[in-house]
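J.: What follows is each chain in one-letter form.
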Amino acid sequence: MTETSVYIHIPFCTHRCGYCDFNTYEGLAALIPAYVDAVVKEIRYVGERVLGPVVVQSIFLGGGTPSLLSAAQVEAILRAVGEAFLVLPGCEITLEANPGTVTSGYFRALRSLGVNRISMGVQSSRPQELTILEREHDFGAAIQAMKFCREAGFQNVSIDLIFGLPAQQLAHWQRVLEDGLALNPDHISLYALSIEHGTPMQRMFSRGLIEEIDQDAAADMYEWSMNRLAEAGFCHYEISNWAKRDEQNHLMASLHNLQYWRNQPYLGFGAGAHGYFANVRTVGVLAPGSYVARMRSLPVRERAIPRTPATAAAKAVDRQDEIGETMMMGLRLLEEGVSRPKFLARFDKDLDTAFPGVIRELEKQGLLEDDGERIRLSRRGRVLGNRVFVRFV
Amino acid sequence: MSQEHIRNFCIIAHIDHGKSTLADRMLQLTGTISDRDMQAQVLDTMDLEREKGVTIKASAVRMAHTASDGRVYELNLIDTPGHVDFGYEVSRALMACEGAVLVVDASQGLEAQTLANLYLALEADLEIIPVVNKIDLPAARPDEVAEEIAALIGVDAATVLQISAKEGTGVAEVLEAVIARVPPPAGDENAPLRALVFDSHYDSYKGVVAYVRVVDGGLRHTDELHHIATHITFKPVEIGTFAPDMRPAAELKSGEVGYIATGLKTVAESRVGDTITHKAKDLPHALPGYREPKPMVFAGIYPVEGEEYGELKDALEKLQLNDASLVYQPETSQALNFGFRCGFLGMFHMEIIQERLEREYDLDIIVTAPSVEYEVLMKDGKTITIESPAKLPDEGDIQEIREPWMTLQIYTPTEFYGPVMELATKRRGIYLNEEYPSHNRVQLNYEIPLSELIIDFFDGLKSRTKGYASMDYHFKEYRAEDLTKLEVLVNNEPVDALAAIVHKDHAFHKGQALVSKLKDLIPRQLFVVPIQASASGRIISRANVKAVRKDVLAKCYGGDITRKKKLLEKQKKGKKRMKMIGSVEIPQEAFLAVLRLSDE
Ligand SMILES: Nc1nc2c(ncn2[C@@H]2O[C@H](COP(=O)(O)OP(=O)(O)OP(=O)(O)O)[C@@H](O)[C@H]2O)c(=O)[nH]1
Ligand code: SF4
Ligand SMILES: [Mg+2]
Numbered sequence: 001m002t003e004t005s006v007y008i009h010i011p012f013c014t015h016r017c018g019y020c021d022f023n024t025y026e027g028l029a030a031l032i033p034a035y036v037d038a039v040v041k042e043i044r045y046v047g048e049r050v051l052g053p054v055v056v057q058s059i060f061l062g063g064g065t066p067s068l069l070s071a072a073q074v075e076a077i078l079r080a081v082g083e084a085f086l087v088l089p090g091c092e093i094t095l096e097a098n099p100g101t102v103t104s105g106y107f108r109a110l111r112s113l114g115v116n117r118i119s120m121g122v123q124s125s126r127p128q129e130l131t132i133l134e135r136e137h138d139f140g141a142a143i144q145a146m147k148f149c150r151e152a153g154f155q156n157v158s159i160d161l162i163f164g165l166p167a168q169q170l171a172h173w174q175r176v177l178e179d180g181l182a183l184n185p186d187h188i189s190l191y192a193l194s195i196e197h198g199t200p201m202q203r204m205f206s207r208g209l210i211e212e213i214d215q216d217a218a219a220d221m222y223e224w225s226m227n228r229l230a231e232a233g234f235c236h237y238e239i240s241n242w243a244k245r246d247e248q249n250h251l252m253a254s255l256h257n258l259q260y261w262r263n264q265p266y267l268g269f270g271a272g273a274h275g276y277f278a279n280v281r282t283v284g285v286l287a288p289g290s291y292v293a294r295m296r297s298l299p300v301r302e303r304a305i306p307r308t309p310a311t312a313a314a315k316a317v318d319r320q321d322e323i324g325e326t327m328m329m330g331l332r333l334l335e336e337g338v339s340r341p342k343f344l345a346r347f348d349k350d351l352d353t354a355f356p357g358v359i360r361e362l363e364k365q366g367l368l369e370d371d372g373e374r375i376r377l378s379r380r381g382r383v384l385g386n387r388v389f390v391r392f393v
Numbered sequence: 001m002s003q004e005h006i007r008n009f010c011i012i013a014h015i016d017h018g019k020s021t022l023a024d025r026m027l028q029l030t031g032t033i034s035d036r037d038m039q040a041q042v043l044d045t046m047d048l049e050r051e052k053g054v055t056i057k058a059s060a061v062r063m064a065h066t067a068s069d070g071r072v073y074e075l076n077l078i079d080t081p082g083h084v085d086f087g088y089e090v091s092r093a094l095m096a097c098e099g100a101v102l103v104v105d106a107s108q109g110l111e112a113q114t115l116a117n118l119y120l121a122l123e124a125d126l127e128i129i130p131v132v133n134k135i136d137l138p139a140a141r142p143d144e145v146a147e148e149i150a151a152l153i154g155v156d157a158a159t160v161l162q163i164s165a166k167e168g169t170g171v172a173e174v175l176e177a178v179i180a181r182v183p184p185p186a187g188d189e190n191a192p193l194r195a196l197v198f199d200s201h202y203d204s205y206k207g208v209v210a211y212v213r214v215v216d217g218g219l220r221h222t223d224e225l226h227h228i229a230t231h232i233t234f235k236p237v238e239i240g241t242f243a244p245d246m247r248p249a250a251e252l253k254s255g256e257v258g259y260i261a262t263g264l265k266t267v268a269e270s271r272v273g274d275t276i277t278h279k280a281k282d283l284p285h286a287l288p289g290y291r292e293p294k295p296m297v298f299a300g301i302y303p304v305e306g307e308e309y310g311e312l313k314d315a316l317e318k319l320q321l322n323d324a325s326l327v328y329q330p331e332t333s334q335a336l337n338f339g340f341r342c343g344f345l346g347m348f349h350m351e352i353i354q355e356r357l358e359r360e361y362d363l364d365i366i367v368t369a370p371s372v373e374y375e376v377l378m379k380d381g382k383t384i385t386i387e388s389p390a391k392l393p394d395e396g397d398i399q400e401i402r403e404p405w406m407t408l409q410i411y412t413p414t415e416f417y418g419p420v421m422e423l424a425t426k427r428r429g430i431y432l433n434e435e436y437p438s439h440n441r442v443q444l445n446y447e448i449p450l451s452e453l454i455i456d457f458f459d460g461l462k463s464r465t466k467g468y469a470s471m472d473y474h475f476k477e478y479r480a481e482d483l484t485k486l487e488v489l490v491n492n493e494p495v496d497a498l499a500a501i502v503h504k505d506h507a508f509h510k511g512q513a514l515v516s517k518l519k520d521l522i523p524r525q526l527f528v529v530p531i532q533a534s535a536s537g538r539i540i541s542r543a544n545v546k547a548v549r550k551d552v553l554a555k556c557y558g559g560d561i562t563r564k565k566k567l568l569e570k571q572k573k574g575k576k577r578m579k580m581i582g583s584v585e586i587p588q589e590a591f592l593a594v595l596r597l598s599d600e
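From first to last, the protein sequence lines are chains B and A.
According to our numbering, the first sequence is numbered sequentially starting from 1.
According to our numbering, the second sequence is numbered sequentially starting from 1.
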C-alpha cells in the first residue's frame, strides 16, 4: 500500500505580505471557526468514501498562517485525519508558523497534539528587508518564537529565508544567513524572491519604486550559501532545502515535501488546496467563503474520490504527464536524483528509452551527472534547473 | 441588360480615407446587402483585413440601382486597397472600369496615394468622380479640400461631392454622379468574345476563379473557352456575378463584370492580364495586359523546426494561388538550413504573408531581414543578380555592386519640411525639387536607394511628422554604389542569415549598432557568446552575451505542481520560437535586428 501525505491549507493571514501570491486572505479571521468545521467535513467526506485504508506518513498544515488557528482547532483537524485515515506512528506532522503569532503555551499545546515539526517563516533579519517584504514581525520575534519552540520540546524546526531582494547585496545576505544559522534550526529553506504578478511588490516595481532583482547577484548569494551551509553541517538535499542529521544520523529532511518531489500521492484539504491521489490532480475552490458554503450544503450527486464538493478542478494524469512530472520533481532532489531502477519499476520503461539522447546531452552541457544508477543535477545544474527540467516535460 | 445601363467603376483613395466604408453604404443603399447582414467594411472578407481594418485584396460586387430617371442600372463596383504596396491591385482594377470615385478624407486632405492612384486612373483614361469624405469629422475642412482636388484635376470645386460615408450623407448623390458621368461600356456586343482577367482567387472546389470584365461579345456557361496568352482551353465549372458572394449566372455579356470558375488548378494557368475568348480557329487580338507586379523586397523564410519544411512549402503554394505577386524559391542557409527566398511587393506585404503563415497555417517560422535585389558586375565581366546578402561573392571578384534606386515623393505639412529633409538625406536620399500641390502642404521629391526605404523609413517619417506625412515611390534605375557586406559572427561563426549589404560610409556605425542590438536580443546561454561584426574582412565591433547564471524555480507551495509545470511549458514554447545556430539559440527578433537600428 502506497503511503500518502495529507496537506491542509489555512488561507488566513493578519496582513498580506508584499511579495505574496499564495491563496490567502487578510481580514477573514472571523471565518476561521466555520472554516475549520468545513475542513473537518471535507476530510470525513473522503474518509467515508475512499476504498481501502489510506496510510498517512505526513501531515502538513500550510498557508496562509496556520498558527492563527487555536490549538483546539488544530486538534479538531488532526482528530478528523486520524479518524478518516490510518495515521502511521511517527507520522511527520508539520505546522507553518509566523513569528509574532505564537506563544510558548501554544507550542506546548501543539506538541501535545502530536505536531512534531515547525516551519517558521523568518524570511530575513534585516529590518529594511522585512519592511520591503511587508512582514509584520521583526527578527526579535523570530528569536523569541524559536525559543518558544525549543522550550515546548520541538526537535525538528525549519526556517524559511528569502534572498535576492531588490537592492540586496551579497554582504547583506551573508548577514541574514548568519543570523538564521544562529537560530540553530534543523532545516533551512532558502527561496529566491520572484516578483509575482498581481502582488503589491509588483505594483511597486512597475511604478519604479523598487529596482529590478539582479539575477547574477542572486546567483552569487545562492552559491555562497551552498558553501556556507555545507560548512555548517547541512546537507543540500533539494534545490531550496538543507537539513541537518539527527543523533541517529538520520537526515531531517521534510518527509512531507519529499512526497511531492518523489511524485507520490497526497490528499489536499481546504480552500485552494492541491491534491494528487489515484492519479488525479485536484484543486479546491479558492475563496474560503465559497469553500465553507460548498462544504455546508453537500450536493446530492456523489463525487468520485479524490474529488470532493469543494473541488474546483480535477485532472487525470496520463502516463506521459506522470513521467514528465516525476522527472521535473525528482531531479530537484540533489542527493537522491532520479534512479534508473525505480524509474523502470514505476513506468515499466527504461529511463534512457523514455528520453533518448537527452541525458547525454545535458551531461555534456555540464548540467547533469550520471553514475549509471541514477541521474542528478550537477552543481551548475542546481542554479540552472529549469534548463534541465524543460527537457523532460 | 443593355450596355447603356451598365456602369463599371472603382473606388480609389489613400489608405483609410474611407473607400470600404463608402462601398458599404452603396451596398446598403442599393439593397444589395440587407441592413441585417451589414457589417463594417463588408467587402474586406479576409480575417486579416477585418482585424487590421485595411483592404488587402480588391473585390468586385454588382449592384442594381434605380436612378432618379426612374431606370434601373447595373453598377459594378470594385473596392481597392490604399496601401502603397498594393498599387498593382489598383492598376488592374482600373482596367475593368470606365470610371473611378476618388475619395479624399476631409480632415487629411491630399496624400501620397491620392495622387498616385489618381494618376493611374487618368492614365487608364477613366472618368474621375472626386469626393470629399468624412465631412462629419470636427476637424473636417471640406471646402478647402474640395478646392485642392478641383485644382488638381482641373474641374470646378462645386462638382466635388461632399459626403460622410460613415453617416451615409451624400452617398445617393455619388451613385447619381456615377450614372450621369461615367460612360457606359463601349464594347462590341457582336464581336468575338474578349474578357479581361483582372484578378483571381483559388477555390478548392471550383479551381481558379478568374474575375473578368467582358469587353466584347459575351459568353454562356456551357461555352468552351480559351486563354489567348497561356493557350489553355477549358470548360468553365460555373460563371456568374458577385452579389457580393459568387452568384451563378447563365451568361455574361459585353460590358459586364463577373467571374469564370475555370476549374484550373494553378493561377499561372489563368493569369491576371490574360484575355479569355472562345475556342476558335481565328483568335481575336489580346486586350492590352497589365504590368506584372514585380517583387521589390526579398527575405528568407525558414521553418524553426526542419521537419516543417514540407508544410511551409505547401503553405506558400496555397498563398500564391491567391496572391500572384508572392514569389518564392528554395534557398539554403548555413545557419537556417532549408527554407525559401521570398519576394514581396513591399514591407507591408511581407508582414501580411508572415502573419498568414503563422496564423492560418500555424507554422513557426523565422523571417530574415529584408533585402533588395542587387546587380553585381564581376571582374570577369559577368553580371549576376542576388537577392540575399549571403550570396554576395567575394569582394575580390567584384567589379561593382548596383542597387535599385527609387523616385520618392513625400507629402507633408510644410512645418515638417526640416525633419523630413533630414531623414531623407540621412538615408542617402538625393533631393530633387519640391512642389506645393495644396496650401500648407509640400511635396518633396527625392531619389533614394530602395534598401534605405525598406529599413524602417516609413516609421521614421511618421514619427517625425506626427503621422501627417505620406509617401509614394517607384523604381527608377540600378546605380553602382560603394557597398560592402556586413557580416555577423555569433560564437565566432559567421551567420549568413544575419548578413547585410550596407554603404561603406555606414558600415562602421551600423556594425556597432547591430552588435549592441543583438547583444540585447540574444538570450543568455550556458556559456559566454561573443558577437562580432565584420566588414571587408575586418572586425569592426564586438560584444559578449554573458552566460546565464540562474534559472530555477523556487519551491512548490502546497504541492502545486501544475503551476510549475505551466511555467516550464511556457519556457519550452519560448525555446521553440528560437533557432539553434551551432550551439546558440537565436530568437526570431534577432534576425530582424537590422531593421530596428533606425536612428540611434
Ligand atoms: N468620421 C468618419 N469616419 C469615417 C468615414 N468614412 C470612413 N470612416 C472611418 O475611417 C476608417 C477607414 O475606413 P475604411 O473604409 O476602412 O478606409 P479604406 O479607404 O477602405 O482603407 P484601406 O482599405 O485600408 O485603404 C474607418 O475607421 C472608418 O470607420 C466618415 O465619413 N466619417
Ligand atoms: S505570511 Fe505567508 S501566506 Fe501570509 S501573506 Fe505573508 S507570505 Fe503570504
Ligand atoms: Mg478598404
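Any given hint could turn out to be false.
[What the hints assert, rightly or not] When the alpha-carbon atoms are kept at most 25 angstroms apart in a straight line, the in silico BS3-like pairs for lysine-lysine are as follows:
| no. | chain 1 | residue 1 | chain 2 | residue 2 |
| --- | --- | --- | --- | --- |
| 1 | B | Lys364 | A | Lys572 |
| 2 | B | Lys364 | A | Lys575 |
| 3 | B | Lys364 | A | Lys576 |
| 4 | A | Lys166 | A | Lys206 |
Derived from the structure by calculation, the hints contain no laboratory data.
J.: Could you tell me which of the hints above the structure violates, numbers in ascending order?
T.: Structure breaks hint 4 only.
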